[in-house]
Each structure stands twice: as structure tokens, then as C-alpha cells.
Amino acid sequence: MAKGIWVFAEQLGGQIKKVSFELLSEGRKAADQLGEELCAVLVGKDVTGLAESLGEYSADKVYVVDSDALENYTTDGYTNVVADLIKQYEPSAFLLGCTVTGRDLAAQVAQRLQTGLMTDCTAMEIADGQLVFTRPLYAGKVFVKAACPEARPVMATIRPNTFAAVANPKSAEVVKVDANAGDIRQVIKDIVRQVSERPELTEADIIVSGGRGMKGPENFGILEELADVLGAAVGASRAAVDAGWVSHSFQVGQTGKTVSPVLYIACGISGAIQHLAGMSSAKCIVAINKDEEANIFKVADYGIVGDLFEVVPILKEELKKVLA
Amino acid sequence: MKILVCLKQTFDTEAKINLDSNGKIERKGVSMIMNPYDEFAVEEALRIKEKGEGEVTVISVGGQQTQDALRQALAMGADKAVLVDAGDMELDEFSTATILAKVISGMEYDIILGGFRAIDDGSAQVAGRVAEILNIPVVNVVTKLEIDGGKALATREIEGGSEVVEVSLPAVVTAQKGLNEPRYPSMKGIMKAKKKPMQKMALADAGLDESQIAPKTKAISFSLPEARQAGKIIPGEAAEAASELAKLLREEAKVI
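Just so you know, the sequences run in chain order A and V. Just so it is clear: in the first sequence, position 147 is 147 by our numbering, and no numbers are missing. Just so it is clear: in the second sequence, position 39 is 39 by our numbering, and no numbers are missing.
Derived by calculation from the structure, the hints in this document are not laboratory data. Be careful, since some hints might not be right.
[To be verified] Some but not every residue of chain A turned toward chain V, in silico, with C-beta under 7 Å:
no., residue
1, Met118
2, Cys148
3, Ala151
4, Gly182
5, Asp183
6, Arg185
7, Val246
8, Lys298
9, Leu315
Glycine included, C-beta positions come from ideal geometry on N, C-alpha and C.
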């Protein structure tokens, strides 16, 4: 009989990703309601020491696979060990953060286990004794509630920032598992990490975003400065990306990233439907735009009709004062 | 080089979504496009072909209307198209991947390309599932691809950077924006496309019955997001408005 809510404890460079703590916190509630165990799965090299921190966020048990072969994430290596663990212990649910790694791993594991996977979910509840997930379609133009009635484990990737990470210390039982990473067909030749103090767009609490109104790549500096004051990520609309001003990795919208920050500051963004789809779940939206007819004002909580090149630098100074 | 591209037809990104009287997504009257990420995959396939010898086959699971997306790929320069029509059956990613893998397993291929996700369900799992079923490696979210001597060297997006991954062919590679600039079909291409082969299959033709592709996940209900209301326009000159905004974000919205 399948039992246990499992959470993939994603780590990078000896740090557990915040989304994993978020999933454990929400997973705790589900596990308690269903009368099941809450377990974390921790995979990597020299990661055993991180197991304790998972206990601090409610995990009853932490399965640790610690191996030289798993130093870097590879689709095959991680799929092999995670799928084997699941086959051995048969949890009823397996949750992952909807991150680049979580998404990659989830698809392979779900197929190997012949189960269903709901991706990029923004809510989880228990209805009729089963886990039901809400996920956005068309980047948030519509939502679907979905479940996996029969196949087990139920799998879902959950968007970062969906749940609060709530510390709830337990002394988790650490189960070291000697697993074989197997045949890894993806050979990593090089890894380039951009050294950035900024949070990832999809995980950021605050995003400062620029659009066509930025007029050129050289002007993104003023957004960076504003972002620095707020500890924010910088984003962009498709218009700014297509103009070649910033890399596509900055793009927010239906053909870019879907974000759900607490605060989204849209500068010189008109508010095309594709862009709104990607950011309209922000808790608070601020729009700064010269064009008072711009669509963005229809969704913004606060708007300033004005020249962003005047407003943004002053706003930066004012925020500095407020935050001092 | 036999290159396969899995593609999906989706709603135009301009589309507004409505629900019909059954509470399901209204499909009538919505203009359809090729999933933008799949366009990158088609373009990449054509570029691989143009570097040497090769043949590009595009394949999709969908209704008859999906022919439009396949024709677009043919007009861009793909050689052949395969459409698997699953009729009215509800499909999930498991179902679609099972169908694609079954059809592909009867074909010759060196590399399989697709978009890393579709802009409708955003699920980013069909290509990976196909790789798993076919027991070949996958590299996802790729922004640069080189094919050489039976190997693919792919640069993929990772959190906070990128990595270069090498896999032996055959493999599945999924495209991210940045991989290339998809070409527009030329008038000549569009005319030629009309004569290119489009193979249409039903599930039975693919040797599948409904039980093999029964979805694992089930949609329970659909809902539209609550419309956001326009908030306050903060009046005044730039300095005054910016100062007021900083105060409101702190004291009223409590977001900083």
C-alpha cells in the first residue's frame, strides 16, 4: 500500500532551495490530514550534512543518496536513483519544485513509473481523500484543478513562492540509501554560472521589469539600480527581448517565464495580453508608463503616468529613504 | 540524418480564454498557431539538415485542424508530416507521449527535437517522456546545439547559468527561446508544402488501443482567474508621485 508524501529536496552547491522548504511546509499539512509520513529525498555529493535542515522544516524522514556520481545534476543519474527509491518505498505522492531541475527530473521519473504529473501547480488541497492540484494553463489565463486518481505516486511540480516556508523543527530520521546512479548518458562538458546577487525571476519576491519604453539596452541600468535597492530580480517584456536589449532569460510572459512575486514594478510596459498572463498573479503590481491608456494600468494596483526616466531614479531614492 | 520534430498546435498567444457551458475551455473561434517553442525546434531541424544531408519529418498528435501547423512546418522546409488523430479522446501528457513514442518507434531517426514546453498547458514533459519510452537520452531547455560525429553538444539553461551537455545520438533535445530565429515560410515554400506528404493516422493505425493511452491525470474543473481591478493612479509630478508610491508600498500595500 502506497504511503508517504515525498518532497524532492533540491540542492545546489550545498544549499537547499527555498522551494523545497515550501513544499515540506505544505506537505506537512497534507501528510497530517492523510495520516501519512512526510519524507524528503536528498540527492547529490557531500549532501548528507544538509539532511538536518530538512528536519527543521517538518520532514519526518530524509532519504539521502550521497555519491560522487551525483555531484552535478544529470537527467539520467538523478532519474535512476529517484525512480529506484520510489519503486522501493512506494510513496503515495512525490512533489518537486517547478525549477529547471525539478521539471526535468519530474518528467522522466513520472514516465518511468508510469504515473501522472501535474506541473507548475499553484495550489494543493485534499478533496475526497486525494490530492488535488491547481495549475495555470495559458500562463494563467485559465486554471485547472486536476488529480491523478489511480496511478501512484501522484506527482506534481509546484511553482516556487506558492507556499510559505514555515520552520517546524523535528529531528528527522536520516536514511542513507546506497543507490546506483547507473548509466549516465548526459556528459557535462562545462558549467557556466553567472555570478549574480539577484534572485531568480521565478523565485523573486520583487521584480522590476522593463519594456519597450526602456528605449534601449543601455537604459536597463536604471532598473538594475532600483532592483538593487529592493533586492529584486530584473525582468523584461517580450518587446524588450525581441529588440535584443536583454537576454530571453529575462522575459516574463506567455512565451517567457510565469512569475508570482509579491511586488511587480512594470516600467515602460504597455501590458500586452501575453505579458499580463505571465505576471498578473503578482500580489501587487505597480505600473510606470507615459501612456495613460496603456493596458497595464487596468491591472496595476498603483500607477504613475509619467516618464520612467524621471520617475524611476526618484523612486529609487524615495525607496532608499523608506527602507532605511 | 533523419530528424524528427514533435510539434503541437496551440491557441494564439493573443487569445482570450473563455469557458463554455460545460465549464470547459471554449475552443471555437480561437485562432491556432504552432507552439512558439516548437518553431525553434523546426528551425533547428532545418538548419541541421542544411548543414549536411538530411530529412526532416514533423509529427503531431491532434485533430484535423493540426494539419495547419504541420503545413506551416512543411512550408518552412520540412519534408514530411505525420498527424495522429486521437479523435475525441481526452489525452494527458502520458497519453500523448505514448502515442508519439509508438509512432516514432516505427520510424528511422537520429535526433528528435521539440519545444521545451508548450505555451498552453506549459507542462514541459511530453518530450522527456518520449525519450524515456524510447530509451534514449534527453537534453532539455537548449539554447545552442551542435551535431557532430554521432553526438549532440547542447548548451542548456540551468539555474543561474548554462551548461554544455554531450549525448550520443539518437537523443531528444528540447528547444528554448534563443536557440535560433525561426524563418517565415516563403511563398514558394507554401506552394511546395501543398505537395509534400502528410500521413494521417488514427490510433488503430498506430497499433494503439484506448486502454494503452488512458490518461493518468484527470481534469476536475476549470476556472478563470479573478479579473484584477485597476487601482490608484498616483497624481502629481514625478517627484511627488514617486515619494507617495514609496510610502504606499510600505504602509498600505505592505509589500516592501
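Hint by hint, here is what the structure shows:
no.	hint	in the structure
1	Met118	holds, 6 Å
2	Cys148	holds, 5 Å
3	Ala151	holds, 5 Å
4	Gly182	violated, 12 Å
5	Asp183	violated, 10 Å
6	Arg185	holds, 4 Å
7	Val246	violated, 11 Å
8	Lys298	holds, 5 Å
9	Leu315	holds, 4 Å
The structure shown violates the earlier hints numbered 4, 5, 7.
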